[in-house]
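Taken in sequence, the protein lines are chains A and B.
Numbering-wise, our numbering puts 311 at position 311 of the first sequence, and it's gapless, one number per residue.
Numbering-wise, our numbering puts 87 at position 87 of the second sequence, and it's gapless, one number per residue.
The set of hints was computed from the structure by calculation and includes no laboratory data.
One thing to keep in mind: the hints can contain errors.
Unchecked claim - Below 20 Å or equal to it, Euclidean Cα-Cα: the simulated DMTMM-like pairs (lysine to aspartate or glutamate) are:
no.: 1; chain 1: A; residue 1: 286; chain 2: B; residue 2: 73
no.: 2; chain 1: A; residue 1: 222; chain 2: A; residue 2: 104
no.: 3; chain 1: B; residue 1: 80; chain 2: A; residue 2: 176
Here the structure is a predicted model, which is why all the values come from computation and not from measurement.
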Amino acid sequence: MNNTPPLLSDQQMASFVARGFLRLDAVVPDAINQQFLQEAGQVAQPAPGRKLRHAYAGLLAASGIPEVAPGTPLAEAYPRESAVWRLLALPVVQGAIRSLVGEDPVFDHHFLHVTFPPAYHEAGGSENVSQHTHQDSTVDARRAFDVQIMYYPHAVTRPMGGTRFVPGTHLRKVSEVAIGRYQNIRGQQHMVCEAGTLLFLHHGLWHGGGVNLSDRTRTMFKIRIQPSGSQRRGWDTTERAAPEPQRPIFFVKTAQKPDTVAAILTTPEPWFEQDTSRLEYVNRIKLWRYLADDPAFDADYWMTRLENETGAR
Amino acid sequence: MGERRQKVLVLYLANSALDSPVVAWAQYDGAGERRHMSGDSDEPPYATGVGALTDGWRLFQASQLLPHARGEEHDLAYLKYEFFFERWVETP
Numbered sequence: 001m002n003n004t005p006p007l008l009s010d011q012q013m014a015s016f017v018a019r020g021f022l023r024l025d026a027v028v029p030d031a032i033n034q035q036f037l038q039e040a041g042q043v044a045q046p047a048p049g050r051k052l053r054h055a056y057a058g059l060l061a062a063s064g065i066p067e068v069a070p071g072t073p074l075a076e077a078y079p080r081e082s083a084v085w086r087l088l089a090l091p092v093v094q095g096a097i098r099s100l101v102g103e104d105p106v107f108d109h110h111f112l113h114v115t116f117p118p119a120y121h122e123a124g125g126s127e128n129v130s131q132h133t134h135q136d137s138t139v140d141a142r143r144a145f146d147v148q149i150m151y152y153p154h155a156v157t158r159p160m161g162g163t164r165f166v167p168g169t170h171l172r173k174v175s176e177v178a179i180g181r182y183q184n185i186r187g188q189q190h191m192v193c194e195a196g197t198l199l200f201l202h203h204g205l206w207h208g209g210g211v212n213l214s215d216r217t218r219t220m221f222k223i224r225i226q227p228s229g230s231q232r233r234g235w236d237t238t239e240r241a242a243p244e245p246q247r248p249i250f251f252v253k254t255a256q257k258p259d260t261v262a263a264i265l266t267t268p269e270p271w272f273e274q275d276t277s278r279l280e281y282v283n284r285i286k287l288w289r290y291l292a293d294d295p296a297f298d299a300d301y302w303m304t305r306l307e308n309e310t311g312a313r
Numbered sequence: 001m002g003e004r005r006q007k008v009l010v011l012y013l014a015n016s017a018l019d020s021p022v023v024a025w026a027q028y029d030g031a032g033e034r035r036h037m038s039g040d041s042d043e044p045p046y047a048t049g050v051g052a053l054t055d056g057w058r059l060f061q062a063s064q065l066l067p068h069a070r071g072e073e074h075d076l077a078y079l080k081y082e083f084f085f086e087r088w089v090e091t092p
């Protein structure tokens, strides 16, 4: 019997390396979604003068989701048969986790994000605005990466705000909300999804909570996990094609295949500056080399050109 | 006669030329006519920096071009081509 969960493909991994996210729509069964919402608990109804932070503190204190110490093995972080334990045991989730962070990941932290509709802000006297765009944690110079699993236990509509994220920003080394001035970025996405959707983010991906203009609270649960060992070749590498020759660039006579690793790693995002887009490719290639354990890998000759010092020897 | 208030427009362009495309943007309204916030629009207010000039915005600051530190030539962080514009309006 094969107990290997469905691992990510070369193309899915290359897309994660290039864009910093993996979206799995409606993969969590509704029974788990309902169990999660019950365990998470209900926010008290808005009341005149009640500050949002008080409603939030009450929710966290009463929630059935446990407090967990960072560094705990993920497999031990949640009680058996709890909603999050069942979610993490889904083969599709196991496969994504193993592909992205390797075996036996470690729990870093989690949080129950609740975004409140206008009635709560009016009652509590706070302004209903979106969250500034930021990168989580702090300046992180590692090549290794953590993954943040964003779980949407109920359907999210556009008026509910949804998580805003900017594909391809994860390899930039910035300091948390220092990027808050970037209100809008070409290519930004807003999570509109069915219940049970998961969004796996590279820890560096720029994101923020959208403003909730609907008439109900929006709930998202985030779990940050870290590798405990190698992140190399954790995905499905059984059908890897032979290395392809470097593709000609600029002067090209025939259409090139769009789904090769090289093509995926050199696909720009709408916000890319013209010169730094090439540095984005360089950094994507470096990350792919690390994950594929292939220090000679290149895409479209970007690294080979920079590493050619034969004339200087 | 009312008082004057400043509106600020920040454009991030695709290169250091003012006529290059807008890749990111922000607005702040000192007149309080509109509360701009993160994620409130997916299309930029102008196609290029020159578009803002021709619509009456006044450029008052542009980011410098800085050399790349040795050993960090491939590192990327903040958006490079930042241009600040202003417009003054009379309040009622």
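Hint by hint, which ones does the structure fall short of? When the structure is compared with the hints, none of them turns out to be violated.
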